[in-house]
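There are 2 protein chains.
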Amino acid sequence: MSQPTTASLQTSESSVAAIARRARIASRAIAKLSAEARNEALIAVAQAIEQSARKILDANERDCRAAEAEIAAGRMSSAMLARLRVTERGIAQMAAQVREVARLEDPLGRRLSATELDDGLVLYKESCPFGVVGVIFESRPDVVPQLASLALKSGNAVLLKGGVEAAHTNEALVSIWREGLRRFPAIPADSINLLQTRADVKEMLTLDRDVDLIIPRGSYALVQFIMEHSRIPVLGHSEGICHVYVDRAADLDKAIDIAYDAKVQYPAVCNAAETLLVHEAIAGKFLPRMVAKLKGANVEIRGDAKTLALFPKDGIVPATEEDWATEYSDLILSVKIVADLEEAIEHVNCYGSRHTDAIVTEDAEAARRFLDEVDAAGVFHNASTRFADGYRYGLGAEVGISTSKLHARGPMGLEGLTTYKYKLHGDGHTVGPYAKGEKKFKHRRLD
Amino acid sequence: MSQPTTASLQTSESSVAAIARRARIASRAIAKLSAEARNEALIAVAQAIEQSARKILDANERDCRAAEAEIAAGRMSSAMLARLRVTERGIAQMAAQVREVARLEDPLGRRLSATELDDGLVLYKESCPFGVVGVIFESRPDVVPQLASLALKSGNAVLLKGGVEAAHTNEALVSIWREGLRRFPAIPADSINLLQTRADVKEMLTLDRDVDLIIPRGSYALVQFIMEHSRIPVLGHSEGICHVYVDRAADLDKAIDIAYDAKVQYPAVCNAAETLLVHEAIAGKFLPRMVAKLKGANVEIRGDAKTLALFPKDGIVPATEEDWATEYSDLILSVKIVADLEEAIEHVNCYGSRHTDAIVTEDAEAARRFLDEVDAAGVFHNASTRFADGYRYGLGAEVGISTSKLHARGPMGLEGLTTYKYKLHGDGHTVGPYAKGEKKFKHRRLD
Numbered sequence: 006m007s008q009p010t011t012a013s014l015q016t017s018e019s020s021v022a023a024i025a026r027r028a029r030i031a032s033r034a035i036a037k038l039s040a041e042a043r044n045e046a047l048i049a050v051a052q053a054i055e056q057s058a059r060k061i062l063d064a065n066e067r068d069c070r071a072a073e074a075e076i077a078a079g080r081m082s083s084a085m086l087a088r089l090r091v092t093e094r095g096i097a098q099m100a101a102q103v104r105e106v107a108r109l110e111d112p113l114g115r116r117l118s119a120t121e122l123d124d125g126l127v128l129y130k131e132s133c134p135f136g137v138v139g140v141i142f143e144s145r146p147d148v149v150p151q152l153a154s155l156a157l158k159s160g161n162a163v164l165l166k167g168g169v170e171a172a173h174t175n176e177a178l179v180s181i182w183r184e185g186l187r188r189f190p191a192i193p194a195d196s197i198n199l200l201q202t203r204a205d206v207k208e209m210l211t212l213d214r215d216v217d218l219i220i221p222r223g224s225y226a227l228v229q230f231i232m233e234h235s236r237i238p239v240l241g242h243s244e245g246i247c248h249v250y251v252d253r254a255a256d257l258d259k260a261i262d263i264a265y266d267a268k269v270q271y272p273a274v275c276n277a278a279e280t281l282l283v284h285e286a287i288a289g290k291f292l293p294r295m296v297a298k299l300k301g302a303n304v305e306i307r308g309d310a311k312t313l314a315l316f317p318k319d320g321i322v323p324a325t326e327e328d329w330a331t332e333y334s335d336l337i338l339s340v341k342i343v344a345d346l347e348e349a350i351e352h353v354n355c356y357g358s359r360h361t362d363a364i365v366t367e368d369a370e371a372a373r374r375f376l377d378e379v380d381a382a383g384v385f386h387n388a389s390t391r392f393a394d395g396y397r398y399g400l401g402a403e404v405g406i407s408t409s410k411l412h413a414r415g416p417m418g419l420e421g422l423t424t425y426k427y428k429l430h431g432d433g434h435t436v437g438p439y440a441k442g443e444k445k446f447k448h449r450r451l452d
Numbered sequence: 006m007s008q009p010t011t012a013s014l015q016t017s018e019s020s021v022a023a024i025a026r027r028a029r030i031a032s033r034a035i036a037k038l039s040a041e042a043r044n045e046a047l048i049a050v051a052q053a054i055e056q057s058a059r060k061i062l063d064a065n066e067r068d069c070r071a072a073e074a075e076i077a078a079g080r081m082s083s084a085m086l087a088r089l090r091v092t093e094r095g096i097a098q099m100a101a102q103v104r105e106v107a108r109l110e111d112p113l114g115r116r117l118s119a120t121e122l123d124d125g126l127v128l129y130k131e132s133c134p135f136g137v138v139g140v141i142f143e144s145r146p147d148v149v150p151q152l153a154s155l156a157l158k159s160g161n162a163v164l165l166k167g168g169v170e171a172a173h174t175n176e177a178l179v180s181i182w183r184e185g186l187r188r189f190p191a192i193p194a195d196s197i198n199l200l201q202t203r204a205d206v207k208e209m210l211t212l213d214r215d216v217d218l219i220i221p222r223g224s225y226a227l228v229q230f231i232m233e234h235s236r237i238p239v240l241g242h243s244e245g246i247c248h249v250y251v252d253r254a255a256d257l258d259k260a261i262d263i264a265y266d267a268k269v270q271y272p273a274v275c276n277a278a279e280t281l282l283v284h285e286a287i288a289g290k291f292l293p294r295m296v297a298k299l300k301g302a303n304v305e306i307r308g309d310a311k312t313l314a315l316f317p318k319d320g321i322v323p324a325t326e327e328d329w330a331t332e333y334s335d336l337i338l339s340v341k342i343v344a345d346l347e348e349a350i351e352h353v354n355c356y357g358s359r360h361t362d363a364i365v366t367e368d369a370e371a372a373r374r375f376l377d378e379v380d381a382a383g384v385f386h387n388a389s390t391r392f393a394d395g396y397r398y399g400l401g402a403e404v405g406i407s408t409s410k411l412h413a414r415g416p417m418g419l420e421g422l423t424t425y426k427y428k429l430h431g432d433g434h435t436v437g438p439y440a441k442g443e444k445k446f447k448h449r450r451l452d
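Residue numbers (the working numbering), protein chains in the order written: chain A, 6 to 452; chain B, 6 to 452.
Read the hints as simulated data drawn from the structure, not as lab findings.
Backbone N, C-alpha and C define an ideal beta-carbon position, used for all residues, glycine too.
Treat the hints loosely; a few may be bogus.
Claimed, not checked - Coverage of chain B stretches by chain A, computed from C-beta distances (three or more under 8 Å per stretch; other residues unrestricted):
#1 122 to 130
#2 372 to 381
#3 434 to 443
Claimed, not checked - Simulated coverage check for chain A against chain B, where a stretch passes if three residues somewhere in it have a Cβ under 8 Å from a Cβ of chain B:
#4 395 to 401
#5 417 to 428
Okay, chain A solo, but in the shape it has when bound (with noise of 0.2 Å):
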């Protein structure tokens, strides 16, 4: 398999509106294809993936050894290194996501709606690609196949910009899917573009006319960094700041579990919980045996007055004002006692981040309020914050999570990639006649 040219994958500060341009003419090019020709392309690629495990593997080694150098002059975490390694498990693994991604269901061409305004004038609104998406990530490379296969799937160019730490392996991943392509002439080079420096985002971030979509993956300090940066439209989430309420008619074993596995089965991410808020009437029954689970794991427990009084000699740390509004990240969980579900509730909407947080009760009526009334992109009765993710919600695959309320919320799959347009046909149909009053629509909805 012959080698592209580097300088193909290289960017430079002036070049990025020339490489978006050149992503905007592929969009349209792949915006084209049918959903045979998208998919037949990524099985291809998914076969190239594994075929040029030496290649990645090679690309891999190199950014590991940095990293390791990194890790001993205390620059970079052993925990980042973990996440950058490549595994020929981890490329098979690669591959077999493009597959799945091949396997879901067309998000292009979807009617959304279909209505009849008049004899012969109908209108469609049906699903279409963005065009040009950038995505910014850190560190894990196995992104670049996840987001490129997302992106063709649904008809856009893509933009990456990964990690310093995993620019080899990256650079090896792009040039693999641009080999893979090859056989496919519909589908220009140009719709998967790698670019290389903090000054290639920022320059990005301008290109609002080549540019429709920015996704942002990885820290707060990211996501508020583009969007403090952008022109363009920026889809990403703010801080997980996740809660668990345990309600007065809660199952204590079900609230136990649900807890315990929000805050400890992954803490460093966006969906474990934050704060724990029990009601009051429970506290008694059910903190002691929850906070004794905790401690088993080493979570610090940081408490309000009463909870504090609930366990007098136990070392529990008093909760600040900045408790309930920090993401801790790690195994830290904020305990407060409330009187009522409106309490909850209110605590809930003051101090949470919108993303997810989960009631524990067997009150189905105290259920209802607290999912209908708490402002948050997941809102989850009996079952632990962790849920929130698009793999788990059926979604095939995540491109990124949304706090927003605009166009996404929550886990965004393949639709996020999508937006819609309108399509009118008519037979010479002119807006005069209804101005006048000599016709009339008929708004007839056909779906």
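Take the given structure of chain A and dock chain B to it, following the hints.
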């Protein structure tokens, strides 16, 4: 009917944050209302508007007198006064529009999807209100009841800022609205608010904690100003540079009617055509008839070189590069002769503003390509661009028009004022067993 204290309607620069805070609280209250309760309130308000006709006319008279002074001083156009003036018939129409909104389908609580993730674990995606919406609009006072009714119908609280010219009329309308709501204790007066000054608007644009969405309705300059200064998501439209392309296979009678309607029927609006593209194979036959008809309506024609060659002595102005990118909003039309469909599509994608573009042709394949490949909110076949409008689309009422690709594209009705949340119902479900592979997701679509 008692007068509300004007204090409750007045705002000062420092208090917009307080108004938004109270609107946030009000939004939580109205989000809980049943569809019946919201509709009943709308009908009561419609009646209040009719019963307060005198108050509205008096307030409007003050605004109109001030406007006449402005016109005399050459600081305002008489067209603006015409838009400002409210008549008894206009008041009856306002009330009728509010009743029409009451009759529309409930946009809240719609089930957008349902998925069984596993036994006893079911995920619903349901429409819900945004919360607090800010709308900035220019002179027409009938926008107040229109927006207020759409907001209440969709469970949103609203902050309105109208034009200074209509200050008294708008204040009367908001005070009547609040008055009409008085007998509904579940609907706080703070669900509708009027901002007074430009400084108020600037402050509102920073209140991203308490305002969820900004909709600017008015000139492109207004929209740009809002977009540049807002920390809150903005839905609005850029310029309306709409095209009519007359294909080689066009029915020339239809083409003449459509292009004439698109340009002449109401040239000041964003969905009027600015550029006519003509296939060279039919230009010689089509353009003389078209130009004669347009000239009969005093339309100034600006042609490219090929067009000019067709009309050597006809007083057609040469079009410059700038013309293709200009929204005239006036009786001016740029005309370009293109070699083929591809050139037409390319021209539209290059110079258009992604608002609405039309093809006139009897060739179904050419129509399909134009509708698929032109990147615009509305793509029309054998129909005038002037149909791009929420009322004509059958959306019931129009909140605004979006040329963004995020969330809402084209005319936005009630759906544009809703977002969604994911509701997950479990029975003590935790992620742990799925992460360990002990349990598997089913992901069965229930809809």
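Non-conforming hints, listed in increasing numerical order: Result: no hint breaks.
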